[in-house]
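Colleague: Line by line, the protein sequences give chains A and B.
For the first sequence, the working numbering gives the first residue as 1, with consecutive numbering after it.
For the second sequence, the working numbering gives the first residue as 1, with consecutive numbering after it.
Just so you know, not all the hints are guaranteed correct.
Stated by the list, open to error - Label-pair restraints from in silico Cβ distances:
1. D65(A) to E14(B): 43 to 53 Å
2. S54(A) to G28(B): 19 to 29 Å
3. T82(A) to Q79(B): 38 to 48 Å
4. M80(B) to P40(A): 17 to 27 Å
5. S67(B) to T17(A): 44 to 54 Å
6. R99(A) to T23(B): 23 to 33 Å
To be verified - Quick look at which bits of chain B chain A covers, simulated, 3 or more residues with Cβ under 8 Å:
7. 43-51
8. 92-102
What the hints assert, rightly or not - Listed next, the in silico DSBU-like pairs over lysine-lysine satisfying Cα-Cα at most 30 Å (straight line):
9. K64(A) to K14(A)
10. K41(A) to K96(B)
11. K81(B) to K108(B)
12. K64(A) to K96(B)
13. K55(A) to K96(B)
14. K104(B) to K42(A)
15. K81(B) to K41(A)
16. K41(A) to K104(B)
17. K66(A) to K96(B)
18. K42(A) to K64(A)
19. K96(B) to K42(A)
These aren't lab readings, by the way, just hints derived from the structure by calculation.
Just so it is clear, the structure is predicted and the values come from calculations on it, not from any experiment.
Don't be surprised by glycine CBs; every beta carbon is placed ideally from N, CA and C.
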Amino acid sequence: GAVVSQHPSRVICKSGTSVKIECRSLDFQATTMFWYRQFPKKSLMLMATSNEGSKATYEQGVEKDKFLINHASLTLSTLTVTSAHPEDSSFYICSARDRAGAYEQYFGPGTRLTVT
Amino acid sequence: GQSLEQPSEVTAVEGAIVQINCTYQTSGFYGLSWYQQHDGGAPTFLSYNALDGLEETGRFSSFLSRSDSYGYLLLQELQMKDSASYFCAVIYNFNKFYFGSGTKLNVKP
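Just chain B, same shape as in the assembly (with noise of 0.2 Å):
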C-alpha cells in the first residue's frame, strides 16, 4: 500500500520560511505534488516534481529526493493568506494519486 507522514501542524510569522517535509512509501512511484487547501475551499495544485531536486515556482520552491523517499514544501516570505492546509501526493502507477494527511499552517502576524 502507500503511506505518507507530514506534519500535523506547524506555526510562522508573517515574512518567515517554513518547509513543511513529506516523506513516503509506495510501489510504482510516479511523482510527488502539493496541493493547498483553505478551510471550506478546493484543494489547488502548487507544484510537481518527477525528478530529484528543486522546483520554484515564486515564493513556493518543491524538493524531491527518490532515493531517499522524500519531499519537501518550502514557502518564503510567509503572508497571513498563506495560512492553510498543505497536502503532499504521491503520483504512483502513472494514473493513481494518493495524498498524505495535510499540514495545518498557521501564519501568525
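Bound-form chain A, shown alone (with noise of 0.2 Å):
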C-alpha cells in the first residue's frame, strides 16, 4: 500500500516552454501533498505543500508564479514549471501524507526535467 507515483519520470523541454509534471496518490487519499526539488548529491528542499481545495503554501524563496501546484483532488496534484530555464533543470519530487499530523510521508520515483 501507501504507492506514489509521479508522470513523467524523465522530460527534457525547451527554455522558455512550460511543464508539467502529476503526481498521484494510487491506494489512498492524500490530506497533504508536498513538492520537493533535490539538486545532485543534494537534500530535498521543500518547495511547496498543497492541501486539496486550496491554495498552495510556498516555502521562501520559491516562486509560485513559476511553479503553479494544483492539487485538484485528493488523489492528484500537478507542479508546472513554467517558462522553463536551463536553471531549473532539477529531479523534482513529491510526496503525499494519508492524514494530517501523519509523520511518514510517501515518496515518489522522481521526475528529472531537464531543460535546454
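Got two chains here, separate frames each, mind docking them using the hints?
Modeller: What follows is the structure in C-alpha cells.
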C-alpha cells in the first residue's frame, strides 16, 4: 500500500516552454502533498505544501508564479514549471501524507527535468 | 529557521554496525524521522521518533534526545544493499518537514 506515482519520469524541454508534472496517490487519499526539488548529491528542498482544494503554501524563495501547483483532488497534485530555464533543470519529487499530522511521507519516484 | 547537521559520508564494512548522527535546531519541534534514498530513487521512510529513546525496526534503530536536539540512526549487520544516502528530517510546527543534507553510506565487502 501507500504508493505514489509521478509522471513523467524524465522530461526534456526547450527554454521558455512549460512543463507539467503529475503526482498521484494510487491507493490512498492524500490530505497533503509536498513538492521537493533535489540537486545532485544534495538534500531535498521543500518547495511547497498543497492541500486538496486550497492554494499551495510556498516556501520562502520559491516563486509561486513560476512553479504552479494545483491539488485538484485527494489523489492528484500537479506542478507546472512555467517558462522553464536551464537553471530549473533538477530532480523534482512529490510526496504525500494520508492524514493530517502523519509523520510518514510516501514519496513518488521523482521526475528528472532537463531544460535545454 | 531550521538547521540540521549530519556527516556527509560514512564508510563501513559488511556485517559491521554504523551510527549516523543528526543534530538539529528548530522551533516547534514535533519529531525526527529518517529516510533512505538509493541513487536515482525515491526516499523511503525508515523510522520516526517523537519521544526520547530508542525505536527498533529490524536491523535499523533510531534514537532521539530532545533535550540535546540530537538523534541517530543505527544500522546493524550491514549489507551491501544498505549503501545509500540517509536523511534525517525534522517535523516542526505540526505540518512542516525539513531535511538534512544527507549522509552517503558506503558499505564495502
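Colleague: Looking back at the numbered hints, which does the structure fail to meet, lowest number first?
Modeller: none
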